[in-house]
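Chemist: Taken in sequence, the protein lines are chains A and B.
Plus 11 on top of the position in the first sequence (first one is 1) and you've got my numbering.
Plus 1346 on top of the position in the second sequence (first one is 1) and you've got my numbering.
Heads up, some of the hints might be wrong.
Said to hold, decoys possible - As a list, the in silico DSSO-like pairs of lysine-lysine whose alpha-carbon atoms are at most 27 Å apart:
id	chain 1	residue 1	chain 2	residue 2
1	A	68	B	1402
2	A	22	B	1382
3	A	68	A	22
4	B	1402	B	1452
What the hints assert, rightly or not - Listed below are several chain B residues computed to face chain A (Cβ distance under 7 Å; list not exhaustive):
id	residue
5	1379
6	1388
7	1389
8	1391
9	1402
10	1447
Note that these hints are calculated values from the structure, not bench results.
All C-beta atoms, glycine included, are put in the ideal place defined by N, C-alpha and C.
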Amino acid sequence: DAGITQSPRHKVTETGTPVTLRCHQTENHRYMYWYRQDPGHGLRLIHYSYGVKDTDKGEVSDGYSVSRSKTEDFLLTLESATSSQTSVYFCAISEFVSGYEQYFGPGTRLTVT
Amino acid sequence: GQQVMQIPQYQHVQEGEDFTTYCNSSTTLSNIQWYKQRPGGHPVFLIQLVKSGEVKKQKRLTFQFGEAKKNSSLHITATQTTDVGTYFCAGPRGGSEKLVFGKGMKLTVNP
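The shape of chain B in the complex, shown without the other chains:
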């Protein structure tokens, strides 16, 4: 079945460092979404990418959708302690209103 894989599953960075995390789908996606879940909280929608090669920025976060629409990346510049949490990517299951979520990338930050 359709799978969405995230790498790495865990990331520990020093405050101020940049890093990138990746999301890969086994199938071509009509769009890809990213969510953030703070420790003890619920997933919160961050952004959706639709077009091939699309790049969107939210402050220090840069999201990119691959040219083949099978992968995506999230780059965080100058990581802060407020970035701590688990980041999920998700793609539509068969183009429908259901989503397939990756297992998440847990980010910890050393101040």
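Same shape as in the complex, but just chain A:
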């Protein structure tokens, strides 16, 4: 497996609290992504980064923000968590080889009560 870690792996939080999830890579890949996975929806892109301090929105970015101050770290922040943000969150990385195949971290299971 690629060197990708996510922290925390599990979190339970209350509605209205801020939450930050961390993705750390040791592969020096340029591109990093945050997805959420929900039953019946597959993997949906929240935000992605194409370099340090360079980020862009994905298809479900409302309520989320991201930051990338170093190549190896990509943070996802829920400013004020809502129950609809209960999900499994995956970080992924990629670098162009023959295409942009992605390598995923182990995931964070977030429950908002």
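Chain A is already provided as a structure; the job is to place chain B on it using the hints.
Modeler: Positioned in the frame of chain A, the structure of chain B alone reads:
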């Protein structure tokens, strides 16, 4: 917007059976990728197809890219319990480094 659809969404087979699952894109793709996610795990990259009509094999798995580069198939021969999981196909969003994933095909195997 660009969509990638997988059929069927669920597949239950007897161990030893063959089956095929399909992936269809609303737009022509520069390449298509397949991923597998075991229960409780994370998606793992399996393979990428680039050329029109391309066929690639990984042991009992055969992947094919359609001639029009808008569809793909995954055929599993002699299914085993180790094949259990959800298989996703994905294509580049507008030719970029972002991917559009299908909703996945969940495979269960009866031993």
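Chemist: Does each hint fit the structure? Answer for all of them.
Modeler: Status of the hints after comparison with the structure:
1. A:68 <-> B:1402: Measuring from Cα to Cα gives roughly 34 Å; hence the hint is violated.
2. A:22 <-> B:1382: Satisfied, since the Cα-Cα distance of roughly 25 Å is no more than 27 Å.
3. A:68 <-> A:22: 24 Å, holds
4. B:1402 <-> B:1452: 21 Å, holds
5. 1379: 6 Å, holds
6. 1388: Since the shortest Cβ distance to chain A is 4 Å, the answer is holds.
7. 1389: For residue 1389 of chain B, the interface hint holds, since the closest Cβ of chain A sits about 5 Å away, which is under 7 Å.
8. 1391: Because about 5 Å separates residue 1391 of chain B from the closest Cβ in chain A, which is inside the 7 Å limit, the hint holds.
9. 1402: Since chain A brings no Cβ nearer than about 12 Å to residue 1402 of chain B, farther than 7 Å, the hint is violated.
10. 1447: 4 Å, holds
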